[in-house]
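Trainee: Residue numbers (the working numbering), protein chains in the order written: chain B, 1 to 81; chain E, 1 to 455.
Any given hint could turn out to be false.
[What the hints assert, rightly or not] Computed cross-link-like contacts, BS3-like style, restricted to lysine-lysine with a CA-CA straight-line distance of at most 25 Å:
{"no.": "1", "chain 1": "E", "residue 1": "LYS56", "chain 2": "B", "residue 2": "LYS38"}
{"no.": "2", "chain 1": "B", "residue 1": "LYS57", "chain 2": "E", "residue 2": "LYS332"}
{"no.": "3", "chain 1": "B", "residue 1": "LYS57", "chain 2": "B", "residue 2": "LYS19"}
{"no.": "4", "chain 1": "E", "residue 1": "LYS440", "chain 2": "B", "residue 2": "LYS38"}
{"no.": "5", "chain 1": "E", "residue 1": "LYS373", "chain 2": "E", "residue 2": "LYS320"}
{"no.": "6", "chain 1": "E", "residue 1": "LYS440", "chain 2": "E", "residue 2": "LYS56"}
{"no.": "7", "chain 1": "E", "residue 1": "LYS81", "chain 2": "E", "residue 2": "LYS332"}
{"no.": "8", "chain 1": "E", "residue 1": "LYS207", "chain 2": "E", "residue 2": "LYS356"}
{"no.": "9", "chain 1": "E", "residue 1": "LYS270", "chain 2": "E", "residue 2": "LYS373"}
{"no.": "10", "chain 1": "E", "residue 1": "LYS440", "chain 2": "E", "residue 2": "LYS332"}
{"no.": "11", "chain 1": "E", "residue 1": "LYS426", "chain 2": "E", "residue 2": "LYS320"}
{"no.": "12", "chain 1": "E", "residue 1": "LYS444", "chain 2": "E", "residue 2": "LYS332"}
{"no.": "13", "chain 1": "E", "residue 1": "LYS320", "chain 2": "E", "residue 2": "LYS332"}
{"no.": "14", "chain 1": "E", "residue 1": "LYS440", "chain 2": "E", "residue 2": "LYS373"}
{"no.": "15", "chain 1": "B", "residue 1": "LYS75", "chain 2": "B", "residue 2": "LYS57"}
{"no.": "16", "chain 1": "B", "residue 1": "LYS57", "chain 2": "B", "residue 2": "LYS79"}
{"no.": "17", "chain 1": "E", "residue 1": "LYS235", "chain 2": "E", "residue 2": "LYS440"}
{"no.": "18", "chain 1": "B", "residue 1": "LYS38", "chain 2": "E", "residue 2": "LYS444"}
{"no.": "19", "chain 1": "B", "residue 1": "LYS57", "chain 2": "E", "residue 2": "LYS56"}
{"no.": "20", "chain 1": "E", "residue 1": "LYS81", "chain 2": "B", "residue 2": "LYS38"}
{"no.": "21", "chain 1": "E", "residue 1": "LYS332", "chain 2": "E", "residue 2": "LYS126"}
{"no.": "22", "chain 1": "E", "residue 1": "LYS89", "chain 2": "E", "residue 2": "LYS426"}
{"no.": "23", "chain 1": "E", "residue 1": "LYS207", "chain 2": "B", "residue 2": "LYS13"}
{"no.": "24", "chain 1": "E", "residue 1": "LYS207", "chain 2": "E", "residue 2": "LYS235"}
{"no.": "25", "chain 1": "E", "residue 1": "LYS143", "chain 2": "B", "residue 2": "LYS57"}
{"no.": "26", "chain 1": "E", "residue 1": "LYS207", "chain 2": "B", "residue 2": "LYS38"}
{"no.": "27", "chain 1": "E", "residue 1": "LYS235", "chain 2": "E", "residue 2": "LYS444"}
[Claimed, not checked] Ranges of calculated distance between the beta carbons of each label pair, as one might list FRET restraints:
{"no.": "28", "chain 1": "B", "residue 1": "ALA74", "chain 2": "E", "residue 2": "ASP24", "range": "19 to 25 Å"}
{"no.": "29", "chain 1": "B", "residue 1": "LYS13", "chain 2": "E", "residue 2": "PHE286", "range": "45 to 51 Å"}
{"no.": "30", "chain 1": "E", "residue 1": "ASP352", "chain 2": "B", "residue 2": "ASN17", "range": "33 to 39 Å"}
{"no.": "31", "chain 1": "B", "residue 1": "ASN80", "chain 2": "E", "residue 2": "PRO217", "range": "47 to 53 Å"}
{"no.": "32", "chain 1": "B", "residue 1": "ASN17", "chain 2": "E", "residue 2": "LEU80", "range": "23 to 29 Å"}
{"no.": "33", "chain 1": "E", "residue 1": "SER267", "chain 2": "B", "residue 2": "MET1", "range": "29 to 35 Å"}
Calculated from the structure, these hints are not laboratory results. No experiment lies behind these values; they were computed from the predicted model shown. A virtual CB, placed ideally from N, CA and C, is assigned to each residue, including glycine.
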Amino acid sequence: MIIENQILEVFRKVFNNPKLVISSSMVTGDLPGWDSFKNVEILLACEADFEIHFRSKEMDAIESIGDLIEACEAKYLAKNA
Amino acid sequence: MSLAEYLHAAIIEFSDYPALEHPDGTITYQELYQRALALIESPNFSSKPAHFIPGKGSIDEFVKVFSCLLAGKPYIPLNLKFPPERIHKISEGVSLASQDFLQSIAYIIFTSGSTGEPKGVPISSKQISNHIRFLQSVIPLTKSDRFLQLFDFSFDPSIVGMALSWINGATLYTIPTSHLLMATRYAQENEITVWHSVPSVVSLAAKAGLMTPNSLPHIRLAIFGGEALPYETIKIFSEAAPNARLLNFWGPTEGTISMSHFEIDRSLLKSEHTSDSALSVMPIGFPHPDVELDILEGELIAHSERLTCGYLNQPDLDEKAFFYRDGKRWYKTGDLATWDDRYGYLYLGRIDRQIKLKGYRIELQECESSLRKASSCNDVSVIAWPISTLGATEGLIGFIANPSTDITLIHNHLMQHLPHYMIPDKLIALEALPLTINGKVDYKALENIASEHLS
Chain B
1 MIIENQILEV FRKVFNNPKL VISSSMVTGD LPGWDSFKNV EILLACEADF EIHFRSKEMD
61 AIESIGDLIE ACEAKYLAKN A
Chain E
1 MSLAEYLHAA IIEFSDYPAL EHPDGTITYQ ELYQRALALI ESPNFSSKPA HFIPGKGSID
61 EFVKVFSCLL AGKPYIPLNL KFPPERIHKI SEGVSLASQD FLQSIAYIIF TSGSTGEPKG
121 VPISSKQISN HIRFLQSVIP LTKSDRFLQL FDFSFDPSIV GMALSWINGA TLYTIPTSHL
181 LMATRYAQEN EITVWHSVPS VVSLAAKAGL MTPNSLPHIR LAIFGGEALP YETIKIFSEA
241 APNARLLNFW GPTEGTISMS HFEIDRSLLK SEHTSDSALS VMPIGFPHPD VELDILEGEL
301 IAHSERLTCG YLNQPDLDEK AFFYRDGKRW YKTGDLATWD DRYGYLYLGR IDRQIKLKGY
361 RIELQECESS LRKASSCNDV SVIAWPISTL GATEGLIGFI ANPSTDITLI HNHLMQHLPH
421 YMIPDKLIAL EALPLTINGK VDYKALENIA SEHLS
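The task is simple: from the sequences and hints, build the whole structure.
Mentor: Pasting the structure below:
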């Protein structure tokens, strides 16, 4: 839940909208202005916030917000294990 | 040899090598061939005169394109972002084409038309074979190469990656379109040797801090095309990829992907900014051996056997775009250019971006060039806006892809370098310029942004 909330904050910051609501099924294009450039910002912001680094093969698996939450959780837990 | 014959030869020679590395898996040349063969032999394939590629970028779609190239069947790439109405118009247009005509065609790319109707550009098997044979001589690949495919099927440079990789035993490497701008990380980790993109991918990646010096040491060949390549963009890329040959290709879809190119000598990229105005945007260089280029009233015109036979079912558009001179058929490219003895043809922008404002003739590219210098930002755009109900331009709006830019400072700089009528009435700082599905600046989206900001 903590990671989910942090990712929500990342989206609110990237989209410059403090009231933004997201759901785990959302994919690129589901929010106004969500394009491949925003994806870079989202991924880099998550990497900075959780102090993790996504390998390209890990990025392949990230399609939805749910995938992103899962990937961040897995990386974060592995780092702090 | 035809492209199909080259592909057959490669299947035999490189059968155990990886042909496609895709997020969903890797397939060898042998597997690619077997899957293609199964498809080609299916009644559903042989009974159709042409095949649509929806544009998901799946392995199945790559197999389908390979099958079409192998079997000499035309394919029509679509894009998931095409609205249903556009797809309906495209399929309707293709259904009107005769089977005899389609037999000679390799692919039909649909581009946006100024009238709102998509324009179908058919390219024959012979034309694409001839072009790939030429490209092979300029940019030969080997079975050790790993070619990063960043163009989707609906953009004709995608064929270069597939054809050049698959006739040479190289590996075509694809990434999810949603992570297109993370291409540098994919290139680094997967030892990509051939980079092929529009310049915007580089400038946006650089802006996100992903294009650092020596970050792409494995790249030996970098091919750019699809839009103007600014000096600063290629300079950044050259430092990120210190071992790469750098090439700028130019050409309209109507001329079978590309018609000229310029190989960028690294000695031209020594300083941070160029003082040579001919290099502020990289030259488009010299015509390919089977191409003649000329300038007619500032506009670049092209003649070649590789010119499309004409737009699909739109003869009225043919009349506007093609003409005969000295017994040869020429295409009016709509690009403004000039000749330079050192660098060949120099790209000066689009002819259709020339506007008149209160009687003054203005090239929007010139405004953009000044705005680029004033803001120290590559990604800028100037549009004519608003347009009155009578169609007259009433002002200019400038966009700078840098949210922390100092608008007042830039405005003062422009006051010093441009006639007052060429200075945008309003400058808007954005995080990034909106791009079309092909990675080019989306002027329609900029008009909408202007409308939102200023209404």
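Trainee: Please verify whether LYS440(E) and LYS38(B) have alpha carbons no more than 25 Å apart.
Mentor: Holds. LYS440(E) to LYS38(B) sits at ~16 Å (cutoff 25 Å).
Trainee: Between ASN17(B) and LEU80(E), does the C-beta distance stay in 23 to 29 Å?
Mentor: With a Cβ separation near 25 Å, ASN17(B) and LEU80(E) satisfy 23 to 29 Å, so the hint holds.
Trainee: Does LYS332(E) lie within 25 Å of LYS81(E) when you go C-alpha to C-alpha?
Mentor: The given pair, whose Cα atoms are some 29 Å apart, is violated under the 25 Å limit.
Trainee: Does LYS57(B) sit within 25 Å of LYS143(E), going by the straight-line distance between their CA atoms?
Mentor: Satisfied, since the Cα-Cα distance of roughly 23 Å is no more than 25 Å.
Trainee: Within 29 to 35 Å or not, the Cβ separation of SER267(E) and MET1(B)?
Mentor: violated, 57 Å
Trainee: Are LYS444(E) and LYS332(E) close enough, with their CA atoms no more than 25 Å apart?
Mentor: holds, 23 Å
Trainee: Starting from LYS89(E), check that the Cα of LYS426(E) is at most 25 Å away, please.
Mentor: violated, 38 Å
Trainee: Can the restraint linking LYS57(B) and LYS79(B) be considered satisfied, given a maximum Cα separation of 25 Å?
Mentor: holds, 18 Å
Trainee: So if I understand the rule, the pair passes when the alpha-carbon distance is 25 Å or less; does LYS320(E) with LYS332(E) pass?
Mentor: Distance ~8 Å between LYS320(E) and LYS332(E) Cα, so the pair holds.
Trainee: Would you mind confirming whether the straight-line C-alpha gap from LYS270(E) to LYS373(E) stays at or under 25 Å?
Mentor: Holds, because 18 Å separates the two Cα atoms, which is no more than 25 Å.
Trainee: Hinted pair, alpha-carbon criterion (25 Å max): LYS207(E), LYS38(B). Please report holds or violated.
Mentor: holds, 12 Å
Trainee: Would the pair LYS207(E) and LYS356(E) pass a check requiring their Cα atoms to be no farther apart than 25 Å?
Mentor: Outside the cut-off at roughly 33 Å; violated.
Against the hints set out earlier in the document, violations occur for numbers 2, 3, 5, 7, 8, 11, 22, 27, 31, 33.
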